[in-house]
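Kindly produce the complete structure, drawing on both the sequences and the hints.
Just so you know, the sequences run in chain order Z and D.
Numbering of the first sequence is given in our numbering, commencing with residue 1 and proceeding in unit increments.
Numbering of the second sequence is given in our numbering, commencing with residue 218 and proceeding in unit increments.
Certain hints may be false.
[What the hints assert, rightly or not] Per the computed footprint, the stretches of chain Z lying under chain D, defined by three or more beta-carbons under 8 Å from a beta-carbon of chain D, are: (1) 24-35; (2) 41-49; (3) 96-107; (4) 118-132; (5) 141-148.
[What the hints assert, rightly or not] A few chain D residues that don't get close to chain Z, going by computed Cβ distances all over 10 Å: (6) G325; (7) R527; (8) R573; (9) A582.
[As the list claims (entries may be wrong)] To give an idea of the chain Z side of the interface with chain D (calculated C-beta under 8 Å), a few residues: (10) S53; (11) H83; (12) D110; (13) P176.
Don't read these hints as lab results, they were simulated from the structure.
Quick caveat: nothing in here was measured; it's all calculated off a predicted structure.
Even for Gly, the Cβ is constructed at its ideal location relative to N, Cα and C.
Residue strings, one per chain:
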Amino acid sequence: MNLQDLMLGTEVWRAGAASAFAPGVPSGFPQLDALLPGGGWPPGMLTEILVPSPGIGELQLLLPALARLSRGNRWLAFIAPPHIPYAPALAAAQVDLSRVLLVHPRAATDGLWAVEQSLRAGTCSAVLAWPSTSDARALRRLQLAAEAGGSWGVLFRSGQSADAGSPAALRLRLAPTSGGIDVHILKRRGGWPVGPVSLDLRLDHAVAVPASAGSRA
Amino acid sequence: MLWLCLHLPDLALEIFTRGAPANDPLVVVCGNGRKRRVALCNAAARGRGIRPDMGLNAAHALAGSLRVCERDREAERVALDRLAAWSGQFTSVVSRTPPQALLLEVAGSCRLFGGLERLKEMVSRGVAELGYRASLASAPTPLAASWLAQDGREACVTRQNALAAVLASLPLTCLGLTAKQSETLHGMGVRTIGDCLRLPRDGLARRMGPELIHILDRALGCVPDPRPAFVAPSVFASSLPLPGAVSTAEGLLFPVRRLLLELEGFLRARDAGTRSLSLSFHHAAAGTTPVRLELVAPSRDAAYLTLLLRERLDRVALPAPVEEVSLHVADPCPLAPRNLDFFAPAQAAEGMLIERLRARLGRDAVRGLGQVAEHRPERAWTYAEPGSGAAVRGGSGRQLLQGSACTSHGAEDRKRPLWLLREPMPLEVRGERPYLDGMLVLGRERERIESGWWDGQDIARDYFIACSGQGVRLWVYRELAGEHRWFLHGMFA
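If you want it as structure tokens, here you go:
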């Protein structure tokens, strides 16, 4: 048996074969999609997004995918968001508000429970959560729940947790740049850590296009 | 016609025991004074040697910790009514035969439920889940079915001409004769219904009166035997006394489940579901703890409702042990059947997640989002019922536009942050410029929002997009009136 035969057979699993992954949800950023296994955000998996300081553009990174997912008939769940997801901005980004579910648990344990239930139920296309815990066992449970329910779980965590191991299938670290963010992929299935990818967030949403009425303050 | 009879031999006992999986000896007594006798006893009491018709004192002597319940015929009647309402899910014709039997006319239901055998299996399993023991028998006449069930024969007669042979071996006690009549018959050497049937009709009628002949004729189907149909009440109200005081949520789940099963049958009979359930836990020391469950979509599935209530009961603080549980449903509403997808696997209904989350976290913890046609940023959004859509409320659009100084371009052009702070946060000012962990760099564009003069909540602000030292894009504003203070109102995240 030569090498060619071995490669053609099904017994050998090749890490580089991206086709082995379920097709992902296009992120709306082609340069990022190229690096993600399955060509997009992985459904049925946990994605961890590490943010040095909240507000640098982590939601805008997800927005095109959320808009696409909201066209399905499953929920987009926001669990324990730190602020109010602003409806006019979501609507302007083509997110169908009737699919948005806001959950505000009072206790941290209730929060984890709510994330797990939402992931496992199978009626959420994406579950965005801001967990206060970094317990690896709890995260493992969430990963399993995401697999069971076929939901895309997104956990936003602070930048300090980058060194700690995590059962999440995809881990990204964001860094702010002028007019956008740099995305470092810390962990992905079927590939080495890679990055950074610079994404320009100016065009699609945040900073205003200069208007005729603009004047200096 | 095919009648299925449910005979409940232990009904008088079960109304006391079905609230919990009890293992303590329990007897139901009747009579008063020194004539108090055991009418029925449970398995634990039987294990101690207690038998029906034994004196109460003798029973006390056999079992130290004996629980004694007075026979409650009114409660038995109510229990039979509820069971009749529950069995309405199997047929439209249910008739009560007090004190302890129900008759179901099932000729038309057999096909729907997959044959008489399967139907009987479903009925007996359902009755057992409710906490009753029933013996079932079916026959073409109601009287024959009840005699067979009463005698504990799991008989299944479908043809009328086979009745006489089956009934022949039944004892005379079924006929409900007076003591004198049975003595007369006994003296004649008549022991069974078969013996009765062999006697010459006119002679028997002369000796025993015409009633006996009439009863036998009804049983054999020679004369009609109309039965009044039971009409179920339009609201569901049921309660279950607990054999011992219960103070844990887990212990309450058992009786709650039985009530929910009763409810499921009741609702199934009227092809309905419910949107809200009221449970009450009655405490020994006067007072009740109410628990209300609201559903997003009507449901009647006992297993699902039990699941929701399990989450809820974990959070209910009980001030005292519970002696009785009652369930009330006032608004049965039509249940729209859900189509299953032929290709995709059956998926849980989307409302279920919301109900589960709400059962544990509270109603207000799970909400949806909606947009409002408003210029004031803090009022341009609202919490909404999940799934209700981005219905833009308003209708006073003209008024809104008049009130605003900012009408140069449509709302979709304006940049809005993804995060809005619950309350605008005052910013420090250093040298005329806002400061937040470093000087903020303001964008070039200014958006003036002046609105709300008509309701006294008017605002006049200049909004800017600012960039902080950490690379966070912020939405800040300066008041146009008063002290011209700076506030942080959102983040572009």
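How the hints compare with the structure:
no. : hint    : verdict
1   : 24-35   : violated (count 0)
2   : 41-49   : violated (count 0)
3   : 96-107  : holds (count 11)
4   : 118-132 : holds (count 5)
5   : 141-148 : violated (count 0)
6   : G325    : 38 Å, holds
7   : R527    : 13 Å, holds
8   : R573    : 6 Å, violated
9   : A582    : 5 Å, violated
10  : S53     : 4 Å, holds
11  : H83     : 4 Å, holds
12  : D110    : 6 Å, holds
13  : P176    : 2 Å, holds
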